[in-house]
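Protein chains: 2
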Amino acid sequence: MTQTSEPQAVDDPAYRAAVIDLMGAIAYGELSAFERLVDDAKLSPTLADKIALSSMATVQFGHVQPLLDRITELGGDPVAAMDPFHKAFDVFHAATAPSDWLEGLVKAYVGDGLAADFYREIAAFIDADTRALVLASLQDAGQADFVVERVRRAIAEDPRVGGRMALWGRRLMGEALSQAQRVAAERDSLAALLAGGIDRPGLDLAAMTRMFSRLTENHTQRMAELGLAS
Amino acid sequence: MTQTSEPQAVDDPAYRAAVIDLMGAIAYGELSAFERLVDDAKLSPTLADKIALSSMATVQFGHVQPLLDRITELGGDPVAAMDPFHKAFDVFHAATAPSDWLEGLVKAYVGDGLAADFYREIAAFIDADTRALVLASLQDAGQADFVVERVRRAIAEDPRVGGRMALWGRRLMGEALSQAQRVAAERDSLAALLAGGIDRPGLDLAAMTRMFSRLTENHTQRMAELGLAS
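Quick note, the sequences are listed as chains A and B, same order. Positions 668 to 897 (my numbering) are the ones given, in order, by the first sequence. Positions 668 to 897 (my numbering) are the ones given, in order, by the second sequence.
If you're looking for bench data, these hints aren't it; they were derived computationally from the structure. Check each hint, because a few of them may be wrong.
A few chain A residues that face chain B, going by a derived Cβ cut-off under 7 Å, partial list only [to be verified]:
# : residue
1 : V705
2 : L714
3 : A715
4 : T725
5 : F728
6 : V746
Every residue gets a Cβ at the ideal spot worked out from N, C-alpha and C, and that includes glycine.
Isolated chain A, as found in the complex (with noise of 0.2 Å):
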């Protein structure tokens, strides 16, 4: 038999159906990410303030419709691909709607980042054209400099702000890895996408945990930025 070419991940099914999960997890996460933004823009103390939030949202709903088409180029059905993530993310939403525009701020900038990460994290293990997809869909909408100038700002107003604003991004960190946990038991694909497979390395158990204390150093990094303690 001769071989016509290189072996592809994508040939594989089981890998197929863990990309498509990822592809689903991203876009479902993009589109939750994307309501709560215009919703959260509703805060906002001024028009300026709102249109800003608002591009970024709508920077982020641009990323989706990608995500999709590469589902479908991968033989899944986009919305299906989608229906497992719902509820991981709505309660992740629910259990931190912001009560003021400056906690929606840091939900952004803290929220995203997170998320971007454990991607870029996991984009490691996929094929590059999926990985090229991905990246593309985690380029930063503009948040980082808005947001990290009006934080700092608010803090420099009332200092009480920054030890508020470090308590909320406790409580984001930790209610973002706890549904991805859930996400992570729930869905085996995923978790078999980080083991590995043909022609992809996987991750063993230490270096799923050196994983994790990059997301959060990263975290703390990104709290540092905006003036916080975490």
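With chain A fixed as given, assemble chain B onto it according to the hints.
Leaving out everything else, chain B in the frame of chain A:
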């Protein structure tokens, strides 16, 4: 004195103020329509419908920034320019909050159509550069086919829906006209714009009446496309 160029409408401060007013009204209208569409998308029966409606919303949001940039070019302050129009749009949306998905669809279709017709009529009275911008901002975001198909299907499944939606369409038209009248009465600059000025013809009362009957005819036609009596 040698004249280096034709007198331009935008050199007239009163005209410029009126155009800034107009851009402010359209920009705030698009911004508030964006927010309402994202809200109404939450009523979607399926995730595919939600994505379709959210996608229309983001197209609408994309029109806001160019209008604000034009206000700045004309020497105005974008946020201040939108300010006089908050109340009219907010009252309109509060009075016409959809109670279900179909009401939301009909509102998006009928409301956007009416607003677009109105701005197109006014665009006939402004300078070419601003007119091109206004017309670009009114590009259909793909609502038409999507909404017509969904509403017609719902009526086919349950003909009583047709009666309820026809009443809803009348209510939307009534609320829109009552807010438009309030704005016209309060904003002298917009009324002056319609009355004409340097190098611009104006509207007399007969022409104004004809304009309103064109708006009504177009509304009737849109309702008919949805399969509804108006």
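The hints, checked one at a time:
The interface hint given for V705(A) is met, as the beta carbon of that residue sits about 4 Å from the closest beta carbon of chain B, less than 7 Å. For L714(A), the interface hint holds, the least distance from its beta-carbon to any beta-carbon of chain B being 5 Å, beneath 7 Å. Checking A715(A) against chain B by beta carbon gives a least distance of about 6 Å; that is within 7 Å, so the hint holds. At a threshold of 7 Å, the smallest CB-CB gap from T725(A) to chain B is about 4 Å, leaving the interface hint in force.
A distance limit of 7 Å between C-beta atoms decides the matter here; for F728(A) the minimum to chain B is near 5 Å, and the interface restraint holds. Against a cut-off of 7 Å between C-beta atoms, the interface hint on V746(A) holds, since the closest Cβ of chain B lies about 5 Å away.
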